[in-house]
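Trainee: Sequence:
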Amino acid sequence: MTDRVPLILDCDNTMGVPGRDVDDGLALLYLLGSPQVELLAVTCSFGNSTQEVVYRNTLDLLARWGREDIPVLRGANGPAHRASPAAEFLAEAARKWAGALRLLVTGSATNLLGAWAADRGFFDNVSAISLMGGVTGPLVVGGRPMTELNFSVDPEAALAVLSRGKNVAVATAQNCLDSYFPAGELRNRLAESHTPAARFLPQVLEDWFQVYERAWNLQGFINWDVMAAAQLLRPDLFSGGERIITPTAASLGTGQLLADGPPLRARLPRIRDREVYRRHVYDAILSARIDM
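Take the sequence shown: its letters are residues 1 to 292, numbered as in our numbering.
No lab work stands behind these hints: they were computed from the structure.
Any given hint could turn out to be false.
Said to hold, decoys possible - Listed next, with one range per pair, are the computed distances between beta-carbon atoms:
#1 80 / 279: 37 to 45 Å
#2 177 / 50: 37 to 45 Å
#3 124 / 273: 18 to 26 Å
#4 121 / 262: 40 to 48 Å
#5 92 / 59: 19 to 27 Å
#6 258 / 192: 22 to 30 Å
What the hints assert, rightly or not - Within a straight-line C-alpha distance of at most 20 Å, the following computed DMTMM-like cross-link-like pairs (lysine to aspartate or glutamate) qualify:
#7 96 / 119
#8 166 / 156
#9 166 / 124
#10 96 / 156
#11 96 / 124
#12 166 / 273
#13 166 / 52
#14 96 / 38
#15 166 / 119
Where is the CB? At the ideal position from N, CA and C, for every residue including glycine.
Make the full structure from the sequences, and use the hints.
Mentor: Rendered as structure tokens:
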């Protein structure tokens with residue numbers, strides 16, 4: 001056993017795939033730069049791309065970083081068939097680390113429902129779950145409407161996690177808008193640093209800056225998934241206690257957390273101080289334990 005926090009990242013990582021999201025990869029770097037974390041594995045979901053692309057990309061990324069020691073498990077291809085190596089691994093890890101395991105979920109929740117199907121005690125064995133996803137109203141980014149893309153790709157699984165999970169925190173799309181990283185500031189931080197992460201990131205972030213400028217008219221990007229990671233490990237950076245949410249499977253088809261379903265309790269944290277938060281994220285990501 002270890003004094004560090006046992007954690008599994010369940011994600012749809014596409015960092016480095018042209019035109020695709022980078023924030024799952026940034027969340028992974030954040031975990032690698034957080035000394036209190038023992039990252040047990042990365043389990044792959046779908047959403048940003050297909051399961052095959054996410055799985056191969058995550059293997060390649062960790063190999064490029066010299067972190068082949070971290071297991072990568074293939075997840076479900078979609079909601080129709082949730083059984084997978086990832087689901088089996090999650091169920092087994094929850095039993096092994098019962099009462100201590102934490103989960104960071106930055107894509108669909110499909111693998112977690114698959115783990116529950118494999119072991120009905122799964123959610124009782126997980127100590128905390130941090131999710132990125134869901135909306136509490138219209139989502140507008142850079143003056144343009146954006147659709148929700150995590151809970152909505154498998155609403156039944158999302159509802160199961162929100163209903164059955166313990167100590168659930170949700171980084172909603174609206175609250176993640178405060179996790180905005182200006183391009184100029186980020187470029188400066190990378191230029192000032194001489195760490196392996198600082199040498200790697202400019203190669204993938206410039207493409208993403210251009211995507212955000214074209215699609216959302218922003219000179220920077222919203223770091224959605226890193227907020228879900230930070231709220232799990234550094235709750236002191238956030239405000240807001242438990243709230244009542246009322247989702248249904250139908251409402252989660254668009255990611256909506258406030259509908260006419262039975263009341264559920266979840267934390268919907270808000271960033272206390274955006275500058276303090278960004279400094280913390282920069283420090284963690286740039287100190288990521290990678291070997292390039």
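Trainee: Look at each hint and say if it fits the structure.
Mentor: Against the structure, the hints come out as follows:
For the pair residue 80 and residue 279, the supplied restraint of 37 to 45 Å holds, since their beta-carbon distance comes to about 43 Å. The given range of 37 to 45 Å is broken by residue 177 and residue 50, whose C-beta atoms sit roughly 28 Å from each other. Checked against the hint of 18 to 26 Å, the pair residue 124 and residue 273 fails, with Cβ atoms roughly 35 Å apart. Separation of residue 121 from residue 262 is about 22 Å and departs from the stated range, judged on CB atoms against 40 to 48 Å.
Roughly 20 Å separates the CB atoms of residue 92 and residue 59, a value that falls within the hinted 19 to 27 Å. Taken as a hint, the range 22 to 30 Å is violated for the pair residue 258 and residue 192, whose Cβ atoms sit roughly 42 Å apart. Restraint check for residue 96 and residue 119: satisfied, since their Cα atoms lie roughly 13 Å apart, inside the 20 Å limit. The hinted pair formed by residue 166 and residue 156 meets the criterion: a straight-line CA distance of about 17 Å does not exceed 20 Å.
A hinted pair counts as satisfied when its Cα atoms are at most 20 Å apart, and residue 166 with residue 124 qualifies at roughly 7 Å. Pair hint residue 96 plus residue 156 does not hold up; C-alpha atoms about 26 Å apart against a cutoff of 20 Å. Note on residue 96 and residue 124: the hinted pairing holds, with a Cα-Cα distance of about 12 Å set against a maximum of 20 Å. Our distance criterion of 20 Å between C-alpha atoms is broken by residue 166 and residue 273, whose separation comes to about 27 Å.
Between the alpha carbons of residue 166 and residue 52 the distance comes to roughly 30 Å, so the proposed pair goes past 20 Å and is violated. Taken as a hint, the residue 96 and residue 38 pair is honoured in the structure, with Cα atoms around 14 Å apart against an allowance of 20 Å. Straight-line distance between C-alpha atoms of residue 166 and residue 119 comes to about 16 Å, which keeps the hinted pair within the 20 Å bound.
Hint check: violations occur at hints 2, 3, 4, 6, 10, 12 and 13; the rest are consistent with the structure.
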